[in-house]
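Engineer: Sequence:
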Amino acid sequence: MPAPERISPGGLTHPELITLLTKGRLTVRGRIRGASNAVLYCTVAYEGEERTCVYKPIAGEQPLWDFPDGTLAQREVAAYEISEVTGWGLVPPTVLRDGPYGEGMCQLWIDGPPEESADGEPALLALVEDEEPAEGWKAVALAEVGEGRTALLVHADDPRLRRLAVLDAVINNGDRKGGHLLPAPGGRLYGIDHGVTFNADDKLRTLLWGWAGEPLTAEAVEVLGRLAAELMPGTALVTRLAELITPEEIEALRGRVEGLRSAGRHPEPSGGWPSIPWPPV
Numbered sequence: 019m020p021a022p023e024r025i026s027p028g029g030l031t032h033p034e035l036i037t038l039l040t041k042g043r044l045t046v047r048g049r050i051r052g053a054s055n056a057v058l059y060c061t062v063a064y065e066g067e068e069r070t071c072v073y074k075p076i077a078g079e080q081p082l083w084d085f086p087d088g089t090l091a092q093r094e095v096a097a098y099e100i101s102e103v104t105g106w107g108l109v110p111p112t113v114l115r116d117g118p119y120g121e122g123m124c125q126l127w128i129d130g131p132p133e134e135s136a137d138g139e140p141a142l143l144a145l146v147e148d149e150e151p152a153e154g155w156k157a158v159a160l161a162e163v164g165e166g167r168t169a170l171l172v173h174a175d176d177p178r179l180r181r182l183a184v185l186d187a188v189i190n191n192g193d194r195k196g197g198h199l200l201p202a203p204g205g206r207l208y209g210i211d212h213g214v215t216f217n218a219d220d221k222l223r224t225l226l227w228g229w230a231g232e233p234l235t236a237e238a239v240e241v242l243g244r245l246a247a248e249l250m251p252g253t254a255l256v257t258r259l260a261e262l263i264t265p266e267e268i269e270a271l272r273g274r275v276e277g278l279r280s281a282g283r284h285p286e287p288s289g290g291w292p293s294i295p296w297p298p299v
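Residue numbering for the sequence shown follows our numbering, starting at 19 and increasing by one per position.
Note that these hints are calculated values from the structure, not bench results.
Wrong hints could be hidden among the right ones.
Claimed, not checked - Straight line, CA to CA, 30 Å or less: simulated DSSO-like cross-link-like pairs of lysine-lysine:
| hint | residue 1 | residue 2 |
| --- | --- | --- |
| 1 | Lys195 | Lys156 |
| 2 | Lys156 | Lys221 |
| 3 | Lys221 | Lys195 |
As the list claims (entries may be wrong) - Distance windows between CB atoms, simulated:
| hint | residue 1 | residue 2 | range |
| --- | --- | --- | --- |
| 4 | Leu160 | Pro81 | 28 to 38 Å |
| 5 | Gly154 | Tyr119 | 40 to 50 Å |
| 6 | Ser54 | Trp127 | 11 to 21 Å |
| 7 | Leu200 | Gly48 | 12 to 22 Å |
| 8 | Asp116 | Gly289 | 36 to 46 Å |
| 9 | Glu68 | Thr257 | 24 to 34 Å |
| 10 | Ala141 | Thr264 | 14 to 24 Å |
| 11 | Thr37 | Glu121 | 11 to 21 Å |
| 12 | Arg272 | Thr40 | 20 to 30 Å |
| 13 | Thr264 | Gly243 | 18 to 28 Å |
| 14 | Tyr119 | Trp83 | 16 to 26 Å |
| 15 | Pro297 | Trp83 | 15 to 25 Å |
No residue lacks a Cβ here, since even glycine has one placed at the ideal position from N, Cα and C.
Sequences are here, hints too, so could you generate the full structure?
Structural biologist: See the structure below:
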């Protein structure tokens, strides 16, 4: 399945969207509740164009014991940078900019498929009572569903999810939940919420373990080779990443890419860290 063609809302090109997010007037319209950090729903306007976006100010980040304070916004931007190099376009356009509450991450808001076509989007995650996944599904883990009962957590055997699983392994995503998967018009699938990524230690926690230990696709091998070249010292990508994450984290990123290329397989849970985020959705 080829990657869906990139579709920019309202006809803007991808560079134009980045310019809009970077230079536009940012207006807060509300706050998205339920997030551990401040997540603000905004509009951004520039030269007659206006779009909705998410703004996460650094000032609204909660401290984490395993990540330096005030770095989650930069990690979101770094995840976008890596996604762009893969050519898969899995992360919505994302920039680091000043805003009403100081510097923060600004990301294009992704609308889901139109309501009338929502039934046409296949399910990505499910809980089933069977001991083995049905055809077209991959097993993740057994989950408690109450009253002493368990169910099998499965995800779709979907090429879009498989690309995202590779990206998560590269960026060391510590929080790939079901709610972070956004189907969009045109057959696209986006991943969001990449604040806890790029740690130098193994932190991979994800619901996308269904391919664990399986050979990487030829497409993924080619993408990893291209990414390895772009991560050589002195490249434009490394220069950009140096503004967002630490030298130790960049070196660990190189190591993960080379490790995946050498193994030729999707990673498996290490056993030294919870493999599934909580809550999973």
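Engineer: None of the hints should be skipped; say for each whether it holds.
Structural biologist: Here is how each hint holds up against the structure:
Between Lys195 and Lys156 the CA atoms are separated by roughly 16 Å; this keeps the pair inside 30 Å, and the hint holds. As the CA atoms of Lys156 and Lys221 are separated by approximately 22 Å, the hinted pair is consistent with the 30 Å bound. Proximity of Lys221 to Lys195 is assessed by CA-CA distance (about 14 Å); at most 30 Å being required, the pair is judged to hold. Checked against the given bound of 28 to 38 Å, the beta carbons of Leu160 and Pro81, roughly 33 Å apart, stay inside it.
Our hint of 40 to 50 Å for Gly154 and Tyr119 holds, since their Cβ atoms are close to 44 Å apart. Roughly 20 Å separates the CB atoms of Ser54 and Trp127, a value that falls within the hinted 11 to 21 Å. Between Leu200 and Gly48 the CB atoms are about 19 Å apart, so this pair conforms to the stated range of 12 to 22 Å. Range check, Asp116 to Gly289: about 43 Å between beta-carbon atoms, so the 36 to 46 Å window is met.
Range check, Glu68 to Thr257: Cβ separation about 32 Å, and the 24 to 34 Å hint holds. Take Ala141 and Thr264: their Cβ atoms lie about 39 Å apart, and the range 14 to 24 Å is violated. For the hinted restraint 11 to 21 Å between Thr37 and Glu121, the CB-CB distance of approximately 18 Å keeps it satisfied. Checked against the hint of 20 to 30 Å, the C-beta distance between Arg272 and Thr40 comes to roughly 28 Å, which is consistent with it.
For Thr264 and Gly243, the hinted distance range of 18 to 28 Å is satisfied, since their beta carbons lie about 25 Å from each other. For the pair Tyr119 and Trp83, the supplied restraint of 16 to 26 Å holds, since their beta-carbon distance comes to about 24 Å. With their beta carbons about 19 Å apart, Pro297 and Trp83 fall inside the hinted range of 15 to 25 Å.
Hint violations for this structure: number 10 only, all remaining hints satisfied.
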